[in-house]
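Q: Listed below are the residues making up each chain.
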Amino acid sequence: MTDTSARGYIGASLVVRGRLEGEGELEIDGKLEGDLNIAGEISIGKTGELLAPVEAERVVVAGLIRGDVRATESVRIRAGGRLEGDVHALRVSLEDGGALIGAIDMDFELPPELMEQV
Amino acid sequence: MSKPSIIPRGMKLVGEITGDEDLVVFGRVDGPIRITGMLVIEDGGAVRGDVQAKTVTVRGALAGDAHAEQSLWVEEGALVKGSLRAPRVKVADGARFKGRVEIGALRTPIGVASQSTDAGLKPGTPRHRAPTPKMPSIERTRARRRARV
Chain V
1 MTDTSARGYI GASLVVRGRL EGEGELEIDG KLEGDLNIAG EISIGKTGEL LAPVEAERVV
61 VAGLIRGDVR ATESVRIRAG GRLEGDVHAL RVSLEDGGAL IGAIDMDFEL PPELMEQV
Chain C
119 MSKPSIIPRG MKLVGEITGD EDLVVFGRVD GPIRITGMLV IEDGGAVRGD VQAKTVTVRG
179 ALAGDAHAEQ SLWVEEGALV KGSLRAPRVK VADGARFKGR VEIGALRTPI GVASQSTDAG
239 LKPGTPRHRA PTPKMPSIER TRARRRARV
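Chains as they are written, first to last, in this note's numbering: chain V, 1 to 118; chain C, 119 to 267.
If you are wondering where the hints come from, they were derived from the structure by calculation, not from laboratory data.
Note that CB positions come from ideal geometry on N, CA and C, so glycine has one too.
Warning: the hint list may mix true and false statements.
[What the hints assert, rightly or not] Okay, derived cross-link-like pairs now, DMTMM-like style, lysine to aspartate or glutamate, Cα gap no bigger than 20 angstroms in a straight line:
| hint | chain 1 | residue 1 | chain 2 | residue 2 |
| --- | --- | --- | --- | --- |
| 1 | C | K130 | V | E109 |
| 2 | C | K121 | C | D148 |
| 3 | C | K121 | V | D35 |
| 4 | C | K172 | V | E33 |
| 5 | C | K208 | C | E194 |
| 6 | C | K130 | V | E27 |
| 7 | C | K172 | C | E220 |
| 8 | C | K130 | V | E23 |
| 9 | C | K172 | C | D211 |
| 10 | V | K46 | V | D107 |
| 11 | C | K130 | V | E84 |
[Said to hold, decoys possible] To give an idea of the interface, some chain V residues facing chain C are shown, with a C-beta separation under 10 angstroms as derived from the structure:
| hint | residue |
| --- | --- |
| 12 | L90 |
| 13 | V92 |
| 14 | L94 |
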């Protein structure tokens with residue numbers, strides 16, 4: 001039973017408004033409006049809508065995210081998924097058929113030879 | 119029934135939850151919960167706010183009023199401060215409770231002002247009508263009259 005108690009789930013017709021924070025996994029098929037800060041993985045299903053800035057370890061979106069996303073590990077936008085906002089993460093993948101309206105910053109430096117003044 | 123929504127142990131929501139779903143709270147919710155499905159506040163879970171659902175089962179902690187359209191169970195180990203209102207209420211031996219209790223039909227029906235569709239409900243299902251208690255003797259007379267016609 002500890003498994004089910006650790007995985008959050010927001011069903012398709014549920015509407016959550018407010019600040020949700022903590023740790024664990026969260027799957028969203030419904031709607032969350034507000035603020036989300038989870039030490040763990042967040043996955044937005046096809047019917048899911050996340051209208052909030054997000055901070056998490058891993059974010060996977062097959063539905064809609066409208067808000068800036070900061071992930072310590074990775075962000076994955078699946079085919080059919082849509083992210084409207086800026087993305088800060090170590091790894092970002094945008095699958096063919098996914099949509100992103102915003103900037104991606106993977107926080108890295110170009111190799112020195114490219115940085116040299118010509 | 120589709121799988122229940124879950125606020126897991128380790129997560130806390132400050133805000134409100136509404137919708138046509140079942141919900142199990144293992145974590146913490148500060149704010150009102152208004153759903154048309156079943157609500158369970160599990161052992162270790164805590165809700166601070168008024169809750170409204172088809173059925174309400176409390177095994178954890180609730181600080182707020184609870185309205186249930188059908189039944190309201192306060193289990194052993196539960197800690198509840200607030201009023202309870204439902205046609206059927208059970209408070210188990212070992213539950214800790216402080217507040218008013220109103221057992222009987224709700225005067226106002228429970229409805230959820232959500233944009234959700236009737237997906238999953240059969241047409242004609244009385245979703246927004248609260249059960250009205252009928253006097254047993256009148257019912258028997260009416261039934262006899264109906265049978266004679």
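Q: Now tell me, hint by hint, if it's right for this structure.
A: Verification of the hints:
1. C:K130 to V:E109: With Cα atoms ~37 angstroms apart, C:K130 and V:E109 exceed 20 angstroms; violated.
2. C:K121 to C:D148: This hinted pair is violated, its Cα atoms lying about 23 angstroms apart.
3. C:K121 to V:D35: 24 angstroms, violated
4. C:K172 to V:E33: 24 angstroms, violated
5. C:K208 to C:E194: 11 angstroms, holds
6. C:K130 to V:E27: Given that 20 angstroms is the threshold and the Cα spacing comes to 15 angstroms, the pair holds.
7. C:K172 to C:E220: Within the cut-off at roughly 16 angstroms; holds.
8. C:K130 to V:E23: 9 angstroms, holds
9. C:K172 to C:D211: 23 angstroms, violated
10. V:K46 to V:D107: 29 angstroms, violated
11. C:K130 to V:E84: Violated: C:K130 and V:E84 sit about 26 angstroms apart, past 20 angstroms.
12. L90: Violated. Min distance 24 angstroms.
13. V92: 25 angstroms, violated
14. L94: 28 angstroms, violated
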